[in-house]
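Engineer: Chains A and B, in that order, give the protein sequences.
Taken in order, the first sequence gives residues 6 to 119; the numbers are from my numbering.
Taken in order, the second sequence gives residues 122 to 236; the numbers are from my numbering.
Derived lysine to aspartate or glutamate pairs resembling EDC-like cross-links, with alpha carbons at most 20 Å apart:
(1) Lys73/A to Asp29/A
(2) Lys76/A to Asp29/A
(3) Lys59/A to Asp223/B
(4) Lys42/A to Asp223/B
(5) Lys116/A to Asp89/A
(6) Lys10/A to Glu165/B
(7) Lys199/B to Asp178/B
(8) Lys132/B to Glu47/A
(9) Lys42/A to Asp89/A
(10) Lys61/A to Asp223/B
(11) Lys42/A to Glu165/B
(12) Lys59/A to Asp36/A
(13) Lys42/A to Glu20/A
(14) Lys42/A to Asp29/A
(15) Lys199/B to Asp177/B
Hint data in this document are derived by calculation from the structure and do not stem from the laboratory.
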Amino acid sequence: DQQVKQNSPSLSVQEGRISILNCDYTNSMFDYFLWYKKYPAEGPTFLISISSIKDKNEDGRFTVFLNKSAKHLSLHIVPSQPGDSAVYFCAASAQGSGTYKYIFGTGTRLKVLA
Amino acid sequence: GAGVSQTPSNKVTEKGKYVELRCDPISGHTALYWYRQSLGQGPEFLIYFQGTGAADDSGLPNDRFFAVRPEGSVSTLKIQRTERGDSAVYLCASSRTSGIPDTQYFGPGTRLTVL
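Make the full structure from the sequences, and use the hints.
Structural biologist: This is how it looks when you write it as structure tokens:
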């Protein structure tokens, strides 16, 4: 049972436009959500996070939106740059339940075209 | 450097052999995590340490896998009688504490290939 799903394996966006990456989850106990970016042969790099008490968190060009009723989160990158080309993973954990492990989605490969 | 480091970066072994993978967490981080990532998948949780003790080992696939963190800093993941299905990238992460919220920072991983 996949608790965190990223249904789009890949996405191509023109440089300067908005990239929207989506993630759905099934476990209502999840209360902390994160996005990681991964380049080939490197470990995942933390990008941005959001707690379940918020519905939006912004950091520069990156914004994460959380819709708890739909069990859906999204990552917006504006404007997209070629250096953003990477695999993006969403992750979730139920820290309020004392569970600190992250459950990851399968990733979305973003390609930003110059 | 100040990040999580993992050694070796690559390990090739033969089926049935024993391997050890090492993780050096960020200085001062008390929580340490091991994950495994197979091709086309996201990282999958294996085990989590808070200090020296394993707080959650529910992700270890079987008793061939074992991990230690004897002094609450460096951790070693040990795999006995390796199988071809153990081939994956093994990722280590650390965090300041297991408090709420808690962000994990990952190392570059060890790519294990079992022939």
